[in-house]
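Take a look at the letters that make up each chain.
There are 2 protein chains.
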Amino acid sequence: MQNRITSLFHIQYPIVQGGMIWCSGWKLASAVSNAGGLGLIGAGSMRPDVLRTHIQQCKAATNKPFGVNVPLLYAHTEENIKVILDEGVKIIFTSAGNPALWTQKLKDHGCTVAHVIANAKFARKAEEAGVDALVAEGFEAGGHNGREETTTLCLIPLIREITTLPLLAAGGIASGKAILAALAMGADGVQIGSLFAASTESSAHEFYKQAVVDAPDGATVLTLKQLNPVRLLRNAFYRQVVQAEEKNATPEQLKELLGKGRARMGIMEGDLENGELEIGQAAALIHQVKPVAQIMNELVSEFNKSTHILNNFTF
Amino acid sequence: MQNRITSLFHIQYPIVQGGMIWCSGWKLASAVSNAGGLGLIGAGSMRPDVLRTHIQQCKAATNKPFGVNVPLLYAHTEENIKVILDEGVKIIFTSAGNPALWTQKLKDHGCTVAHVIANAKFARKAEEAGVDALVAEGFEAGGHNGREETTTLCLIPLIREITTLPLLAAGGIASGKAILAALAMGADGVQIGSLFAASTESSAHEFYKQAVVDAPDGATVLTLKQLNPVRLLRNAFYRQVVQAEEKNATPEQLKELLGKGRARMGIMEGDLENGELEIGQAAALIHQVKPVAQIMNELVSEFNKSTHILNNFTF
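Residue numbers (the working numbering), protein chains in the order written: chain A, 5 to 319; chain B, 5 to 319.
Quick caveat, the hints were computed from the structure, so don't treat them as lab data.
There could be a bad hint or two in this list.
Identical copies go unnamed one by one, so any copy, or any two together, can satisfy a pair.
No farther apart than 27 Å at their CA atoms in a straight line, the calculated lysine-lysine pairs in the DSSO-like style are these [what the hints assert, rightly or not]:
id : residue 1 : residue 2
1  : 94        : 264
2  : 109       : 259
3  : 259       : 229
4  : 68        : 86
5  : 251       : 86
6  : 259       : 294
7  : 109       : 94
8  : 251       : 229
Build the full structure now, drawing on both the sequences and the hints.
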């Protein structure tokens, strides 16, 4: 199967691994690329020197295409982009910010640019900015998330109506059947986060991966809506947020409670009580930590099996 | 196409019209059943005598199967069920309550019973109670909704994992492509609400239908979470709820603000400012008020076209 996403990124399967903070270093990204998907290094949690090392190690670990995800509102954005261009990475996924800021500059350097959106307004903005593809991320996705709370099932057809750009569905995709559903809705491919966050090659702490595996339905929640809405596992830190909100905490007080390094504490250091355990609703569908090669095999074989089942369906 | 849902309800297409308050009387239910789906009268907004009239008119308007939706926690539940059995209706969808309460009694009267759930716990409860089918309703659905906020895309595979019961996907389904996506995820059929709430045969007010047609993405919100979470269009009433919550309103104060008859005011009387305008996120995908026959034709033909497109996809 070849389609606009596989052609755009020169990959075998239209499966992109989301560039996540504290999860997706060179090990995860290169494993996904080696398995025929597109691996993304998550620059959001990396200083420029760390990012450079990860890019260099990723180049050493795969000769397949890989990319970097850059949240535009984070610290070090400009220096990180300088490193990415300097290292010759040609695929950049931008998120959490205005696509008009960097898209044209990146394209002038020969990069292929995708931008992550959660509503129609930013889809239009990204298209105007000249992006090559869109990632439409629904309410069920882990980590930072849109204010409209539009779910993947509603967001994909909504974005498909207003643009002909290559489109990746993100949020709630954790199986071959879900990939098929995303393509049925009009997406050209998928971006998968949670499933890879809990993979063997993820740099997240074992405790965090186990918490994802153990999560039942309803274990995640979109919170901190007064700051930037973020989906995470309910834990002691989350209950502190709820208590602060019940006492009418101001955004400043919530920022102070959040502090610095919460996500690192939770995801990388495995502090399940005090850390910020960002993950999507798909956590409830993840029952085992598996190596990336196995995950990719299962995604592809379940997808293929499911298309055959659907062949029997016609009204 | 025949499958477990079409066989269970003796219908042509595995498309159920959700039984909604103030929208789905005999006109809507009979139109859906006449078009090959399963129409449901929404008993939640009907006194027993009104329900009896709707059932009798529905019988006069179609010789196809139709059913009644009964929210178990509402007033008149017992009397309404007496009317349903007395009138010989053999398909009952229960929701908003404990499935153990009524399922066996209804089955003893020869009824086919489906129950609406939003999480794994109630799916298990419903199966234990002996229901014939489940409706799994995601966060994007209009009206009353689960506390877990699990989206349809995550809920369907989750429920599919734990039960082999016939399964209808609900929430965010407003196109043939979405039906295909639901079947790809493991559902056997769909329950569609919003699209029919805005149809010609819906008994909702024209102003309400136009508000649904005009709704952009982000226009709906899940609110009143301290009482029973409900998804509705943001309007003046919703802003009053937000203000009350900002002032730490108690559940009792919120109940008083909600008062009685808000949904009737909004949906049936067309008071767009003071009414409760229950509708799903799919509102953003609805651009025109159409007759049920046209809606059903479009759903089926888009579904068929989409399966053909997917036939070209194999990895």
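We went through each hint and held it up to the structure:
1. Within a single copy, residue 94 and residue 264 get their C-alpha atoms no closer than 31 Å, and across copies no closer than 60 Å, so neither meets the 27 Å cut-off.
2. Proximity of residue 109 and residue 259 under a CA criterion of 27 Å is satisfied in neither setting, with 32 Å inside one chain copy and 54 Å between copies.
3. Taking the shortest Cα distances, residue 259 and residue 229 sit within 27 Å of each other both inside one copy (12 Å) and across copies (24 Å).
4. Taking CA atoms no more than 27 Å apart as the test, residue 68 paired with residue 86 passes inside one copy only; the shortest distance there is 22 Å, against 67 Å between copies.
5. Taking the shortest alpha-carbon separations for residue 251 and residue 86, neither the intra-copy value of 43 Å nor the inter-copy value of 47 Å comes in at or below 27 Å.
6. Taking the shortest Cα distances, residue 259 and residue 294 never come within 27 Å of each other, neither inside one copy (35 Å) nor across copies (48 Å).
7. In this homomeric assembly, residue 109 and residue 94 come within 27 Å of each other (Cα to Cα) only inside a single copy, at 12 Å, whereas the closest approach across copies is 65 Å.
8. In this homomeric assembly, residue 251 and residue 229 come within 27 Å of each other (Cα to Cα) both inside a single copy, at 15 Å, and across copies, at 17 Å.
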